Amino acid sequence: MAPLHDTTPSLPGALFIASVALLLYGIPEKTITKHVDLSTLGNTEDGRPYIYRKPGHQHEYSTYELCKDDGRLEVFKADECGQQLALARFKNAVNSTGWAFLEIETNGEQTPFEQAYAAGYLEGTLTRKLIEHQLHNVLSNFCTGKEEYCEKLREFVKENQAWTQEFLTKTPTEDPYYSAIHRTYYQLQGLIDAYERRRPTVHASFEFHQIVFLNWLGEFYDLEVKFNNTRAGVDIPEKCSALVKLAPDNKDLFFAHVTMFAYNQMLRVVKLYKFGYDQAAYPGHTISFTGYPGVIASQDDFHLTSSKIAVMETTIGVYDQRKMEHTKAVGQFPCWLRSMTASLLADSANGWVEIFMRHHMGTYNNQWMIVDYKLFEPGHPLKENTFWVLETMPGFHVARDKSAELQSTTYHPSYNLPHEKEIVEYSALEKFARAFDKTRYQEIGGDYYRSGKSPRAKIFARDHHKATDFESFTKLLRSINYKNDELSRCNCDPPYSGEAAIAARGDLNDPNGRYEFGAIGHRNHGAIDFKGINYERAKKFSFRAWGAPAWDKENEVPVFEWSDFERRSPIRVPHRGHPDRFDFEHLEVEWEANLA
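So for the sequence shown, our numbering puts the first residue at 161; every next one is plus one.
Keep in mind the hints are simulated off the structure, nothing from the lab. Watch out, some of these pointers could steer you wrong.
[What the hints assert, rightly or not] With a straight-line cut-off of 25 Å between C-alpha atoms, the simulated PhoX-like cross-links for lysine-lysine are:
id, residue 1, residue 2
1, 534, 699
2, 468, 699
3, 306, 488
4, 468, 411
5, 618, 591
6, 699, 411
7, 700, 543
8, 581, 613
Everything numeric in this text was worked out from a predicted model, so none of it was measured.
Turn these sequences into a full structure, and let the hints guide you.
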C-alpha cells in the first residue's frame, strides 16, 4: 500500500489553520500548563511499538490503561497499574484495511464519571494523530467564504453547552437519562484533554473546542437552513443508503448501511465502548459502531448495543426554513448526544425511539431504523416491536412499528427521503420536488426527490429479492453499475450518473460533463463504506465492515485513488492520513474484549 501522506504542515499552512480555528472557536480558554509526558506513549524502551497480542488472534493492538497512582491519574502500559479506571486497545490499520480499530473497557468499580472521563482520555491519547488529520481535512476550509455563518454556529453551540451545563446541575443524579447525558460530556472532556496533552483530571468543563465542532457536524445540515447559509433544500443531504431485509422463509434478518459522505471523511475508526455501568439501568452499556477520529457518536449512524439493539439512519432534509424555528439552543439536546444516550439506555426498539425523542432539537433529521434482535427467531414470523422506523423533523416526528410491514414486503429500503406522508408534507419536500418538474430537468426531474420514485428507491425495489444470503445482500449494498443500469440514466452527457446507485460515486462523473442538476454531477461525494449484520453476527456482537468506495471490475467501476481524483478533478480536497488507493476487501469485526 502507498505510505501515509506527509502530515507536516508548512508554516503558512499552520498559520492558516490556526486563524480558522480562532474564527471558529475564539480565543482558547486558559488550559492546564503541567501536561503528562506522552512523548513516548505507544513505544517500548527500544522504540518498537508496545503490542498486546491475544493468542491465536489475527489483530495486534497497542494497549494502555488510565490508572490512579498515589492520588494522580496516569497512563500506563497494559497490566502495569493497580487501580485501573479504563483500558484501551488501538490499532491503526487504515493503510491495510481502510479502518483503525479502538476498544475501550472501563472499570465498574470506579465512579461513572471517572469511567466516562477515562474512556475519553484514552481515546484522545491513542488516536491523537488521527484526530489531527481529521481536524485538518474537515475543518481547515470549513469557514472559507461563510464567516458570518460560522459565527452563528459558534454562538449556537456555545449557548447550548452553557445551558446544558447549568441544566445538569439541577437534574437528579440518580436519573439514568440525565446521568447518561452528563457522562457523555465527561467522556468528551477526557478526549479533549488528552488531545491537548493536559494532565488527566476528572471533570467536564463544557468548553468550546474544535473537537466539539467535529461532534456537531451532523447537526449543521439543518443549522445551515436555520441560519440561511443556503437556500432550504438546495443541498440535499444524500448521506446514506440502508436496507433491512428478511431472508427467504424468515431464516435470517439482514441489516446494513452504506455511508455517503465527502471523501475527505474517509479516515475511519471501528469502535467498541464497554462501560462498567450498572447493567440494569444501562442495558446498552456496550456499544460497537463505525465512526470518525475525535467523534464519540457514530455519525454514520450505525451501531449495535449489548441489549441486541441495532440502529442506523439515513438523513432527510428540511425544505421549509420556517420549521427551523422549532430548533433552539436552550432546552434541547443535539442528535449526536441523544443517539448515544438512547443506545445506552434502551432495551427495546420502541424504547430507543422514546428515549431518543426527549429534548429533541430538530437537527440532523433522519429516518432511523431500529431492530431488536432479541425478538427475532429464525424461521418464525416477525414479532411485534421487532422493527421500528422513526422519521424526525424540527418540532415533529412520526414513529411506527414496521414489523408487520417488513414481514409482508420482506424489505425496508432507506435512501435519504422520508416514507411517511406526514413527514413529506411537513418538510415541504413535495413542493420542492414539483419545482424540478416545472423547470429544465426532464429525464429524472422531481422524482429524484420522491419516495419510491428516486433511482435508489427503484433499484432497491427491483433488486432486493436477489439478497437471499449475506453475501448477495452485501453485493446489493455495494452495487454501482451506473453505466449499464437504465435506472442510473439521466438527461446528461454522458447519459448516466454515478450518483444514481446504491453505492453512489460522484467522483466518477465527468468533470466536463453536462448534468441535469448538481447533485448528480461530478462531486467530492460518494459511498465510502459498508457495514452489515445478520442474526448470527448480532448474537456475537460482530459485523462485516468494508472501508472503501465501491468498485466493480466487471462493470468498469475503478478503485478509488486520490492520485487519480486529483488528476481528473478540479476539486481540491484535503486528505491527510489517507492511503492513496482504496482497494481494500471487507473484514469481519471481532473484539478482544470479553463480551459474554
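Hint-by-hint comparison with the structure:
As the CA atoms of residue 534 and residue 699 are separated by approximately 9 Å, the hinted pair is consistent with the 25 Å bound. For the proposed pair residue 468 and residue 699, the alpha carbon gap of about 7 Å is at most 25 Å, so the pair holds. Between residue 306 and residue 488, the direct Cα distance comes to roughly 21 Å. Compliance with the 25 Å bound is thereby established for this hinted pair. Only pairs whose Cα atoms come within 25 Å are accepted, and residue 468 paired with residue 411 is accepted, the gap being roughly 18 Å.
About 21 Å separates the Cα atoms of residue 618 and residue 591, which keeps this hinted pair within 25 Å; it holds. Straight-line distance between C-alpha atoms of residue 699 and residue 411 comes to about 15 Å, which keeps the hinted pair within the 25 Å bound. A distance of roughly 21 Å separates the Cα atoms of residue 700 and residue 543; the hinted pair therefore holds under the 25 Å criterion. Taking the CA atoms of residue 581 and residue 613, the gap is near 14 Å; set against the 25 Å cutoff, the hint holds.
Going down the numbered hints, you'll see the structure goes against none, and every one checks out.
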